[in-house]
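The numbering used here numbers the first residue of the sequence shown as 1 and each following residue consecutively.
Please keep in mind that the hints were generated in silico from the structure rather than gathered at the bench. Hints are supplied without guarantee of correctness; some may be wrong.
[Claimed, not checked] Taking lysine-lysine and the BS3-like style, the derived pairs with C-alpha atoms no more than 25 angstroms apart in a straight line are:
(1) 25 <-> 233
(2) 17 <-> 111
(3) 17 <-> 158
Because the structure is a prediction, the values reported are computed rather than measured.
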Amino acid sequence: MWSVRRVPHRLNSDERKLYDLAKQKMFLTIKGTAYRKERKGSPLANIFRQWCDAKAMPCILVEQGFGYDAQDAVLVDLATLRSEDLGGVAEACNRAAAAAGCAPVPNDTFKIPFTVIPAESVLAAPDMLDITGTLRGHRLEALQAAVALQGNRVRELKASGLANNDPAVQAEVHQLLGLKSRMERLSPSPSSKAVEAQESEQSVDPAVAFAEYPIWNIPAQLIMYKCDRSAAKQLAKALVDELSTYAAT
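All chains should be built: construct the whole structure from the sequences, respecting the hints.
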């Protein structure tokens, strides 16, 4: 996975464990925003958001509060769905939250853990002449990184002694094949490359180009809920089930 500075995110050993666990549970649990001063951000939250974007699924986070009476926050970022019609998803989130006894709160109630460079600043950059090709390249790189990480996960399981027919291995391979399929669909064919070269001198509609931007250029589209520790965990699990129909297959 890549940071907004176009260098790989570096997770420490503890973050790597949390990241692997998050991929299994389909939601990430962090202490506060998981901010790291030396990285000037939260690499764990950012890399999980990129993974969710590569899988075209909502990005669900549980921010655990500090202190005896602190409450947790459940954040749902819908930007990773790359959809303009999010009304149904938001309603599904609110239904799950109501069932778990969690209250929706304004988006400025909790700190947002993601690092975002606004797409407008990238669109205005003088070197963005071939926007369509550049943006598709960024998205493809994110998928390639996700494939590499998932491939490593499969190899690690096999190295631990698990056979190809083991359910754990098969589940990870299924995810790997899904990511590869999306990567292949995004990879340009020779004919499409020729068309892109012909169109590179033409202006590009920013609204169309925006859909192809890497997720770190796209502001989070958040729904936030506040609840106690047990309810937050319950809600996160319920959201995974409730929103599974909205994720790309």
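Evaluated hints:
{"no.": "1", "hint": "25 <-> 233", "in the structure": "holds, 11 angstroms"}
{"no.": "2", "hint": "17 <-> 111", "in the structure": "holds, 23 angstroms"}
{"no.": "3", "hint": "17 <-> 158", "in the structure": "holds, 18 angstroms"}
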